[in-house]
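Trainee: Residues per chain are reported as follows:
2 protein chains.
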Amino acid sequence: MKFVIWDPGQTKSSELQSECNEAAWLQKGRSLKEKEARLHQLISKLSSMYPQHTEFLKYLHRSDGDESVPTIYVITPTYWRPVQEAELTRLSHTFQLVPKLHWIVIEDSNTTTKLVGDLLRRSLLTYTRLHVATPQAYKLPANPKLSWVHPRGVLQRNLGLQWLRTNLDAEKQKGVVYFADDDNTYDQALFEEMRSTKTVSVWPVGLVGGLLVEGPLVEGGKVVSWNSVWKRHRPFPIDMAGFAINLRLLLNHPNVAFKLKAEIGYQESLLLKEIVTISELEPRADNCSKVLVWHTRTEAPKLDQENNGSYIFQPNLPCFKKWSVREGVEVGIVQINSVTVSFVFLPVL
Amino acid sequence: MKFVIWDPGQTKSSELQSECNEAAWLQKGRSLKEKEARLHQLISKLSSMYPQHTEFLKYLHRSDGDESVPTIYVITPTYWRPVQEAELTRLSHTFQLVPKLHWIVIEDSNTTTKLVGDLLRRSLLTYTRLHVATPQAYKLPANPKLSWVHPRGVLQRNLGLQWLRTNLDAEKQKGVVYFADDDNTYDQALFEEMRSTKTVSVWPVGLVGGLLVEGPLVEGGKVVSWNSVWKRHRPFPIDMAGFAINLRLLLNHPNVAFKLKAEIGYQESLLLKEIVTISELEPRADNCSKVLVWHTRTEAPKLDQENNGSYIFQPNLPCFKKWSVREGVEVGIVQINSVTVSFVFLPVL
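Going down the list, the protein sequences come from chains L and U.
Counting in this note's numbering, the first sequence tops out at residue 365, every number present.
Counting in this note's numbering, the second sequence tops out at residue 365, every number present.
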């Protein structure tokens, strides 16, 4: 049998098979304690697969116990599409090079997925997994000419903010909050620039707003203007990737959040004007003269051969439920524990 | 003054200014020895900027001195476009997580560029910089409908192979050679899969050939067929990212190279059939059931606002030469030592 998982929870046949066995194990009336013990076994097994890497992260992240070093909380909304696993993989590589980083990943989904869970566990990063589905009415339409009608990631970023407010204490934890989408490119040096943020720090972003570089203009160590062209009259004409916020400042403004119905391009401005003035902004990256983040976008891959072969039907899994068609592709539906996994067969030539 | 460098050698104003000073220093009849000493000073200064990172790479790469561990030689052709710096940045992050990797970067250019040079130095990776320009007649036409007429990266990959043959000794060095384009996404686990390659190892590639996953089909530990659809009758219907070659095998076939005039899709096959048979292929990634590399493609960014502002003319650099127009954008030309650098002014609002 040869298949790949379609959505959500991409995995390979052998993994799925072993997960089916795992599901059978779990269903045999195990206690919560037994399940937890099993989970720890699995995590430990995983770490042993990458011993050198584990050691190396410990070494890099040895400042993690030092409370005087602020933690960087990175809030990343994500959603399933064919390139999701690739995007999160290379993003996790960047974050692995950054000490004391806590990755808060919020899936636009009704459940967390195996794909994102596996990826986060393998990364050995400190992370939190959350999920909230954007209502269909607020999703971007499939027609690209109609895109930008509703902003993406709003509920997900807000859930990330809510997690910070529920779990962190401004008096005890030093931190900085950064909104990092899963398709941008981040230089590892960016994170040391933002770590010392007292209010809101800012820097240029490459390849956004129709420009090679969009960002603040600085004189005498202060932001005095912007080299933005697109919607330049916004209060803060900058991209989501161009600023970080001190944790305490966010916690002290418990009602600040992104808005589902904001005009396109105004998300950043509406949030920032609630908590900071332009004169309080802290320019980073050598007075905003260096580009350390790029607004890269990955093409949707051509999958035009997916229906072009002879699919093989081998539903010999105990968890197999039914066939379905999604986005023109025939997918199988499998139920593992309470999680539904879909897969697609590949042609065998 | 506010400007960004256009092509090649993207940098920021302060860096360019200091480079102008550096150029003046170098021009004052310094001896080769003095220049070398200065170079070492600069490299040392650079390392001191990232002390924790330097330590951490030493730790991860502690196997570098162990001759029994094969080195992975990664050959990456690259060329200037607005997303180049971002692509190489995130690729360098992945490679930093891989022990004993030697990155051979070949620019499609008449000279090496400051952009690529700076990026490689900052990465602290072991690397080799080369350059060779593809003749205009062999470049892909700008019209996307006419693309794929000539393959890209052929001369660059061949120069990489030539470097291996000139500098390495099959009797002394254990190694594996992998062709990694700068826009793909690589899981760090892929490199440990390929490290033990005896002849040619193979694995699936995600998001290529019109499929979610294209790759070898394996039975009894041997490749028996392919789940490729696009041009499936090629001798080896796989992507450049789907195989690695033992160094000795390549050195023992000194005339094997990629071809400028191969039919599209046949580069991999024409090279592999010179050195290996299908039955000799070594399946990796759990018998080719796991996807550890994705053929991601990054969109060309919209730069439609670049001409939309008021550019400020401040040619107060001693190295400033003239104005020119490139791809519809007004660029300034600066001569630093023997290197020509172009820049574009951003609008100041």
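Hints should not be assumed to be uniformly reliable.
Chain copies aren't distinguished; within one or between two, either way the pair holds.
To be verified - Derived lysine to aspartate or glutamate pairs resembling EDC-like cross-links, with alpha carbons at most 20 Å apart:
1) 275 with 235
2) 318 with 199
3) 277 with 209
4) 214 with 187
5) 130 with 302
6) 247 with 320
7) 318 with 197
8) 247 with 208
9) 277 with 124
10) 289 with 315
11) 130 with 315
No lab work stands behind these hints, which were simulated from the structure alone.
Values in this document were obtained by computation on a predicted structure and should not be read as measured data.
Trainee: Work down the list of hints and note, for each, if the structure agrees.
Mentor: Each hint tested on the structure:
1. 275 with 235: Answer is neither: 32 Å inside a copy and 54 Å across each miss the 20 Å cutoff.
2. 318 with 199: both (18 Å within a copy, 16 Å between copies)
3. 277 with 209: Answer is neither; intra-copy 32 Å and inter-copy 48 Å both fail.
4. 214 with 187: Classified as within; 14 Å inside a copy, 58 Å across copies.
5. 130 with 302: Only across copies: residue 130 and residue 302 sit 19 Å apart there, 41 Å inside one copy, limit 20 Å.
6. 247 with 320: The answer is between: 13 Å across copies meets 20 Å, while 37 Å in one copy does not.
7. 318 with 197: Between copies, since 18 Å is at most 20 Å while 23 Å is not.
8. 247 with 208: neither (30 Å within a copy, 48 Å between copies)
9. 277 with 124: within (17 Å within a copy, 46 Å between copies)
10. 289 with 315: neither (33 Å within a copy, 32 Å between copies)
11. 130 with 315: neither (24 Å within a copy, 28 Å between copies)
Of the numbered hints listed earlier, those contradicted by the structure are 1, 3, 8, 10, 11.
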